[in-house]
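Residue strings, one per chain:
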Amino acid sequence: MALTPDELAAVVARDIPAGSYVNLGIGRPTKVADHLPAGSGIVLHTENGMLNMGPAATGAQIDPDLTNAGKVPVTELPGASYFHHADSFAMMRGGHLDVCVMGAFQVSAAGDLANWHTGAADAIPAVGGAMDLAIGAKQVFVMMTLFDREGRSKLVPSCTYPLTGRGCVSRVYTDVAVIDVGPSGAVVRETFGITLDALSARLPVPLRAAASS
Amino acid sequence: MSRTSFLETVEEAVGGIEDGSTVLVGGFGLAGMPFDLVDGLIRQGAKDLTIVSNNAGNGEVGLAALLRAGRVRKVICSFPRQSDSHVFDGLYRAGRIELELVPQGNLAERMRAAGAGIGAFYCPTAAGTPLAEGRETRIIDGRLHLLEYPIKGDVALISAHRADTMGNLVYRRTARNFGPVMATAAATTIVQVSGIVPAGSLDPEAVVTPGIYVDRVVAVEQRHYTVEGAR
Numbered sequence: 050m051a052l053t054p055d056e057l058a059a060v061v062a063r064d065i066p067a068g069s070y071v072n073l074g075i076g077r078p079t080k081v082a083d084h085l086p087a088g089s090g091i092v093l094h095t096e097n098g099m100l101n102m103g104p105a106a107t108g109a110q111i112d113p114d115l116t117n118a119g120k121v122p123v124t125e126l127p128g129a130s131y132f133h134h135a136d137s138f139a140m141m142r143g144g145h146l147d148v149c150v151m152g153a154f155q156v157s158a159a160g161d162l163a164n165w166h167t168g169a170a171d172a173i174p175a176v177g178g179a180m181d182l183a184i185g186a187k188q189v190f191v192m193m194t195l196f197d198r199e200g201r202s203k204l205v206p207s208c209t210y211p212l213t214g215r216g217c218v219s220r221v222y223t224d225v226a227v228i229d230v231g232p233s234g235a236v237v238r239e240t241f242g243i244t245l246d247a248l249s250a251r252l253p254v255p256l257r258a259a260a261s262s
Numbered sequence: 341m342s343r344t345s346f347l348e349t350v351e352e353a354v355g356g357i358e359d360g361s362t363v364l365v366g367g368f369g370l371a372g373m374p375f376d377l378v379d380g381l382i383r384q385g386a387k388d389l390t391i392v393s394n395n396a397g398n399g400e401v402g403l404a405a406l407l408r409a410g411r412v413r414k415v416i417c418s419f420p421r422q423s424d425s426h427v428f429d430g431l432y433r434a435g436r437i438e439l440e441l442v443p444q445g446n447l448a449e450r451m452r453a454a455g456a457g458i459g460a461f462y463c464p465t466a467a468g469t470p471l472a473e474g475r476e477t478r479i480i481d482g483r484l485h486l487l488e489y490p491i492k493g494d495v496a497l498i499s500a501h502r503a504d505t506m507g508n509l510v511y512r513r514t515a516r517n518f519g520p521v522m523a524t525a526a527a528t529t530i531v532q533v534s535g536i537v538p539a540g541s542l543d544p545e546a547v548v549t550p551g552i553y554v555d556r557v558v559a560v561e562q563r564h565y566t567v568e569g570a571r
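Going down the list, the protein sequences come from chains A and B. Following the working numbering, the numbering of the first sequence begins with 50 at its first residue and continues without gaps. Following the working numbering, the numbering of the second sequence begins with 341 at its first residue and continues without gaps.
Heads up, some of the hints might be wrong.
Stated by the list, open to error - Straight line, CA to CA, 25 Å or less: simulated SDA-like cross-link-like pairs of lysine to any residue: (1) A/80 with B/414; (2) B/414 with A/170; (3) B/414 with A/172; (4) A/187 with B/478; (5) A/80 with A/66; (6) A/187 with A/63; (7) A/80 with A/170.
As the list claims (entries may be wrong) - Among the chain B residues that face chain A by a calculated CB cut under 7 Å, a handful are: (8) 369; (9) 375; (10) 426; (11) 456; (12) 460; (13) 462; (14) 469; (15) 515; (16) 546; (17) 550.
Calculated directly from the structure, the hints in this document are not laboratory data. For each residue, glycine too, the CB sits at the ideal point set by N, CA and C.
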């Protein structure tokens with residue numbers, strides 16, 4: 050069976066090493082936080098200036114001065130810290146952040162990322178922190194469905210949407226497979242409800258199986 | 341005493357902002373947005389402005405109201421399009437406002453550079469993307485970098501939690517965001533705070549923006565506004 054978004058979030062959470070500093074993108078990646086094991090020592094970064102961000106705020110906890118990058122009210126955990134925007138992005142660009150998890154429109158087998166602009170003529174472009182995160186974190190994980198609504202693969206030989214960054218994605222987590230990408234091409238780590246052969250037949254990029262561990 | 345001026349009213353605080361100014365406006369969404377100063381700027385009447393801010397206005401208030409009033413020629417920001425950015429969207433689609441889209445980290449670092457006297461810097465963000473078109477590049481340590489120039493403001497409008505009578509500032513939580521960087525990057529930095537305290541009552545170790553960067557301070561009543569996405 051293909052994974053539900055929640056199940057996929059749990060798979061991503063499983064692969065984040067204990068003690069990592071992690072940035073979770075807006076939307077689907079935010080769900081990963083719900084699956085991080087208690088006591089893992091994983092510290093969440095939000096690019097609007099905070100480390101050790103806690104869960105979403107409810108009721109009396111809501112404070113307009115405390116939000117995540119999606120502008121949703123959140124909470125702080127003991128040991129949290131605040132800093133200004135230049136420090137927050139220096140932290141990513143300087144290679145201090147271990148993992149960032151983002152959504153994508155397309156990822157190429159070489160690890161190019163397209164997730165900020167569909168390229169449509171009437172679209173108003175907005176990039177936010179995506180380009181800084183893409184080149185800054187030590188590992189960039191992408192979470193997405195492998196196929197779009199028309200059944201086209203979002204893992205592609207070369208992105209047709211405008212790029213967010215070149216060669217920056219290390220791994221793609223999808224509802225049907227987890228695939229490493231990069232200079233040596235697409236390597237399938239695991240599949241969900243589909244065989245490697247059946248997957249290969251549907252994708253426009255050559256796939257290799259990961260050496261079994 | 342410091343050379344920071346403490347004004348009684350928002351009108352005095354935003355006095356003298358000239359047509360054609362580049363105005364840095366703090367805030368990330370609603371957090372840290374200097375609503376009173378922006379409203380004051382609307383009443384003050386300066387036009388043909390270039391606004392530098394992370395977003396391009398939410399709903400009908402703050403920057404959105406400034407845009408609707410027709411005072412803004414150009415917006416330099418990272419994320420104009422939001423669920424409630426209809427004022428900007430309409431002006432942009434009608435070709436009545438110019439947009440320079442800058443990745444969020446570059447936006448912050450270019451202002452940091454302006455405040456720190458850095459002539460320009462190389463940065464890998466956006467290399468190889470459409471935002472790199474026509475830009476000067478250099479390969480450093482095997483990696484493609486783009487040359488980035490500072491963004492300097494004529495004026496910065498920011499919101500902080502408290503000021504002391506030396507102009508030192510502290511902020512609250514994620515409302516800090518662009519404030520400390522913008523305070524360094526403008527010729528005149530104007531700050532709204534929820535309270536002014538005597539010199540010596542802020543812990544010097546905890547001061548975030550030293551008063552040397554702060555030109556004018558006005559205390560405003562804390563405003564209660566709705567939070568996006570609150571549940």
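(request) Just pull the numbers of the violated hints for me, sorted ascending. (result) The structure breaks hints 1, 7, 9, 10, 11, 12, 13, 16 and 17; every other hint is satisfied.
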